[in-house]
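**Student:** Sequence:
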Amino acid sequence: MIQQNFSTKVVNSIMRYATNRYLSLKPSHLTKLPPPNPKKVKEKSYLLYIHVPFCMTLCTYCSFNRFLFQEDKAKAYFESLRKEMLMVKELGYDFNAIYVGGGTTSIMPEELCKTLDLAKSLFDIKEVSCESDPNHIHLEELEMFKGRIDRLSVGVQSFDDGILKKVGRYDKFGSGEEVIKKLQKAIGVLPILNVDLIFNFPNQTQEMLAKDLEIIKALKPEQVTLYPLMSSPSVKSILKRSIGEVSLQNEAQLYEQILETLKDDFSSLSSWAFSHKGSAIFDEYVVDNDEYVGIGSGSFSFLNGTLYVNTFSLKEYAHKINSGNMGVARERKYSKKAQLQYRLMVELFGGKASAKIFKEKYDSNLEWDLWKELMFLKITGNIYKKESDYYPTTQGKYLFLSMMKEFYIGMDRVREESRAMLKEEDM
Numbered sequence: 001m002i003q004q005n006f007s008t009k010v011v012n013s014i015m016r017y018a019t020n021r022y023l024s025l026k027p028s029h030l031t032k033l034p035p036p037n038p039k040k041v042k043e044k045s046y047l048l049y050i051h052v053p054f055c056m057t058l059c060t061y062c063s064f065n066r067f068l069f070q071e072d073k074a075k076a077y078f079e080s081l082r083k084e085m086l087m088v089k090e091l092g093y094d095f096n097a098i099y100v101g102g103g104t105t106s107i108m109p110e111e112l113c114k115t116l117d118l119a120k121s122l123f124d125i126k127e128v129s130c131e132s133d134p135n136h137i138h139l140e141e142l143e144m145f146k147g148r149i150d151r152l153s154v155g156v157q158s159f160d161d162g163i164l165k166k167v168g169r170y171d172k173f174g175s176g177e178e179v180i181k182k183l184q185k186a187i188g189v190l191p192i193l194n195v196d197l198i199f200n201f202p203n204q205t206q207e208m209l210a211k212d213l214e215i216i217k218a219l220k221p222e223q224v225t226l227y228p229l230m231s232s233p234s235v236k237s238i239l240k241r242s243i244g245e246v247s248l249q250n251e252a253q254l255y256e257q258i259l260e261t262l263k264d265d266f267s268s269l270s271s272w273a274f275s276h277k278g279s280a281i282f283d284e285y286v287v288d289n290d291e292y293v294g295i296g297s298g299s300f301s302f303l304n305g306t307l308y309v310n311t312f313s314l315k316e317y318a319h320k321i322n323s324g325n326m327g328v329a330r331e332r333k334y335s336k337k338a339q340l341q342y343r344l345m346v347e348l349f350g351g352k353a354s355a356k357i358f359k360e361k362y363d364s365n366l367e368w369d370l371w372k373e374l375m376f377l378k379i380t381g382n383i384y385k386k387e388s389d390y391y392p393t394t395q396g397k398y399l400f401l402s403m404m405k406e407f408y409i410g411m412d413r414v415r416e417e418s419r420a421m422l423k424e425e426d427m
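Under UniProt numbering, think of the first position of the sequence shown as 1, with each following residue one higher.
Check the hints yourself; a few may be wrong.
As the list claims (entries may be wrong) - DSSO-like cross-link-like pairs, simulated, lysine-lysine; straight-line CA separation at most 27 Å: (1) Lys-32 - Lys-75; (2) Lys-9 - Lys-378; (3) Lys-336 - Lys-39; (4) Lys-315 - Lys-336.
Calculated directly from the structure, the hints in this document are not laboratory data.
Small disclaimer: the values here were computed from a predicted structure and weren't measured.
Go ahead and model the full structure; you've got the sequences and the hints to work with.
**Tutor:** As structure tokens, then:
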């Protein structure tokens, strides 16, 4: 039985401390990102992240960098994105995968296609993942994305009309039944359609979640991702006013229900992602890619042990790009120990930590460098060893889900702090 046990509570406390400490950033004096490691370019082990920060309406629980859509600003922004992409090429980077996040990435489909076409002409791109919402999965748009997007992730969050109304999505995207009809038409058009759901909304019952899961089983999308509700301090207060108090009391129980319900039809890609019939493009780029380059306002890059964050100001971003500079504004360097601890978390979240991979990628003896962490995880029943690799137990899957949730909440705090500094003219 999965539960909020001692190890989960201890590790979550450690994660909150760690994210507060390690996600404290300082201003960067760089005008451009550092050049790539030639070996990694040859291996094509970098990922390109592209951020599109515009939405028709703003969801109250979302902490990502996003702005209300204005066509002239969005068009100019896409032009800046492509200029920054050219700068990345000039630095010597190459990529085999792209992840486009938002915002609503397909808010201007022609501009998105133009941007992806440029990326494919510059880099050796093999797969493209992109986020969207139920209002942007019309067949005519999906036809435009054929040959350009391999995996489209649609933010549904829930099919329950009561939840949709309370979080402000019912009027924006339609009823649960309307969203189901849109998904039925969209599934199968592109290689992979992923449905994003959220569980552990305040007052969400097991019966409500069961209905969402039965709909997913009936729809048979290639992939489904079930995120626990993630709420930074400001989002918590907003949710409390609109839908109720955020609580962890039922989270473990609901997660166990998810694993049990999906086990016969879906295979696990990570603690919260599941594939139907072996679809294999993973949605969590930080797991498969230990280093990545982010372009666009509010994007993140992680290179050679340093986290770089682009400016969240649209005005400053445009000024930097038009001056021949990239968007980088803040940074934080990490020790090798901190990097190894982070990689252990994301590898186990993804299903396996390999001693061989740690040696090859990070020149690390996993069992020597992280023996305390491994001992704690083994003693508390969260991992087991098979040959030279470590795997999460069922309880461990929940632990690493909780850890990744705390990590993303920490990233949300960085976004909130950055957005709090914006003035009206920055938007």
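**Student:** A separate judgement is required for each hint: does it hold in the structure or not?
**Tutor:** Right, here's what the structure says about each hint:
no.: 1; hint: Lys-32 - Lys-75; verdict: 23 Å, holds
no.: 2; hint: Lys-9 - Lys-378; verdict: 16 Å, holds
no.: 3; hint: Lys-336 - Lys-39; verdict: 19 Å, holds
no.: 4; hint: Lys-315 - Lys-336; verdict: 35 Å, violated
Hint compliance for this structure: hint 4 alone is broken.
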